[in-house]
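Kindly generate the complete structure, drawing on both the sequences and the hints.
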Amino acid sequence: MSLSDTESNNTTGSAKNHKSMKMPIKRRLILVAAVTALVLLPAIIMVLVTWVGTGTVQAAATWASIPAIVGIAAALSGGLRFAVIVSIVMAFLAPVMIVAGLSPVSGAALMAILCLTVGRLSRFGLQKSGLLVPVMLAWPLIDPPTWNGASTVDRLDNTFLLWMTFIFFVGGLVPALLVSLKLRKRKISTLATHTRREAVTYTVMITILVTVSTFYVLDNPKMIGGAFLIAVILVMAPIGTAQTLKPTVFRVLGTILGSIFVIALVSKVDSLSLVYIIGLLFLLIALYARLSGQAWVYFVFMVPATACLNATTLTQVGELGKQRVVDNVVGGILVIIATAIAIGYSHLAAKHGEAPESDHEIEVGLHANA
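Numbering (UniProt numbering), first residue to last: 1 to 370.
Since the hints were made in silico from the structure, they are not lab data. Remember, it's a predicted structure, so these values are computed and weren't measured experimentally. Heads up, a few of these hints could be off.
To be verified - Okay, the calculated beta carbon distance ranges per label pair:
id: 1; residue 1: Asp219; residue 2: Thr152; range: 17 to 23 Å
id: 2; residue 1: Tyr216; residue 2: Ser271; range: 30 to 36 Å
id: 3; residue 1: Leu274; residue 2: Val212; range: 34 to 40 Å
id: 4; residue 1: Tyr216; residue 2: Leu29; range: 21 to 27 Å
id: 5; residue 1: Ile343; residue 2: Asp219; range: 38 to 44 Å
id: 6; residue 1: Ala59; residue 2: Asp219; range: 22 to 28 Å
id: 7; residue 1: Thr190; residue 2: Trp51; range: 43 to 49 Å
id: 8; residue 1: Val52; residue 2: Ile85; range: 26 to 32 Å
id: 9; residue 1: Leu177; residue 2: Gly293; range: 27 to 33 Å
id: 10; residue 1: Arg120; residue 2: Arg155; range: 27 to 33 Å
id: 11; residue 1: Lys268; residue 2: Ile45; range: 31 to 37 Å
id: 12; residue 1: Ile45; residue 2: Arg186; range: 23 to 29 Å
id: 13; residue 1: Ile45; residue 2: Ile341; range: 24 to 30 Å
Said to hold, decoys possible - Computed cross-link-like contacts, DSBU-like style, restricted to lysine-lysine with a CA-CA straight-line distance of at most 30 Å:
id: 14; residue 1: Lys182; residue 2: Lys26
id: 15; residue 1: Lys222; residue 2: Lys268
id: 16; residue 1: Lys185; residue 2: Lys26
Every residue gets a Cβ at the ideal spot worked out from N, C-alpha and C, and that includes glycine.
Given below as structure tokens:
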């Protein structure tokens, strides 16, 4: 779900080389099918497991696809050991998030801790996969699924919490192991590390924005799609001084267009099963567009995909679409303001010189992760 950072000093020659090395259509289609299968597989497994274990088909079991995305990203960026650690952390944090959502203060504090962790990972170039942890855990924190057909969520139900722990563990671990097994002979690509000053600026930015936003969302229970706001901030927040504001603007515009698409869709469809099928189709289109380098198509179709796949009722599809428009616009504006402040601070600090990075922590960290 996170997009690659864009460099402002790319040359025309490098762009041509990028086009010449463009991924073949067949390979793109295979990758889209593989990613989709890896995301859906844990959900299918857990639907069957919870059905056998409880005697009822549990819709909450489909949430295994949420940590699956994190497991895949972690395996691709940091290898097997990093992916296993992330999967275990996600599993133990899932019930903590559900309980913490009872209070805006506890929920915001927990998200602040996760943002500080993501900021630390940015020193070693692991923030792109690391940020998916708070992004995905924002859903059980803000709007957890119901259990056993209940109309409301009992956040203190031990049985429910144990099952959600297991769902998140299997959801993250299965795709992480499969991806690591498939790529076991491939050398992990070199990660783009960041200086201490860049990491600190980035950490302060995401921690403040996410903590305040989480408190506001939890303090306003009607914002069932508040996790979108958290995701926007974490995905759009840049690190380093080579970033531009252009991607943020494109994402906001793409989100607005995609949300209009959702509202129009709801007026024509009267079956929730059909909504899920349409959502899956939109997800496939979004993934293919992402691999094809067509960012604007990705933005447009990812919005209705997430709105359709995260909804439990037809009316909720439209509501999630509307909320995502607001969340993306607000989140985009916050990130733009924070980025402008960060760039100003960077220029000011550069005038006074920058302390050398003499502690070698990046080299030690990368060596330990190898």
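Here's how the hints hold up against the structure:
1. The beta-carbon spacing between Asp219 and Thr152, approximately 19 Å, falls within the hinted interval of 17 to 23 Å.
2. Look at Tyr216 against Ser271: about 34 Å separates their beta carbons, and that is inside 30 to 36 Å.
3. Restraint check, Leu274 to Val212: a C-beta distance of roughly 38 Å satisfies the suggested window 34 to 40 Å.
4. A hinted range of 21 to 27 Å for the beta carbons of Tyr216 and Leu29 is inconsistent with their spacing of about 41 Å.
5. Separated by about 31 Å at the C-beta atoms, Ile343 and Asp219 break the suggested range of 38 to 44 Å.
6. Range check, Ala59 to Asp219: about 27 Å between beta-carbon atoms, so the 22 to 28 Å window is met.
7. At about 44 Å, the beta-carbon gap between Thr190 and Trp51 stays in the expected band of 43 to 49 Å.
8. Val52 and Ile85 have their C-beta atoms about 29 Å apart, which keeps the hinted 26 to 32 Å range intact.
9. For the hinted restraint 27 to 33 Å between Leu177 and Gly293, the CB-CB distance of approximately 30 Å keeps it satisfied.
10. Between Arg120 and Arg155 the beta carbon distance is about 29 Å. The supplied range of 27 to 33 Å therefore holds.
11. Taken as a hint, the range 31 to 37 Å holds for the pair Lys268 and Ile45, whose Cβ atoms sit roughly 33 Å apart.
12. In this structure, Ile45 and Arg186 meet the distance hint of 23 to 29 Å, their C-beta atoms being roughly 26 Å apart.
13. In this structure the hint that Ile45 and Ile341 lie 24 to 30 Å apart at CB is violated, the actual value being about 45 Å.
14. Distance check on the hinted pair: Lys182 and Lys26 sit about 19 Å apart at the alpha-carbon level, within 30 Å; holds.
15. Restraint check for Lys222 and Lys268: the C-alpha separation of about 25 Å stays at or below 30 Å, so the hint holds.
16. Distance restraint check for Lys185 and Lys26: the Cα-Cα separation of roughly 22 Å lies within the 30 Å cut-off, and the hinted pair is therefore satisfied.
Violated hints for the displayed structure, listed by number in ascending order: 4, 5 and 13.
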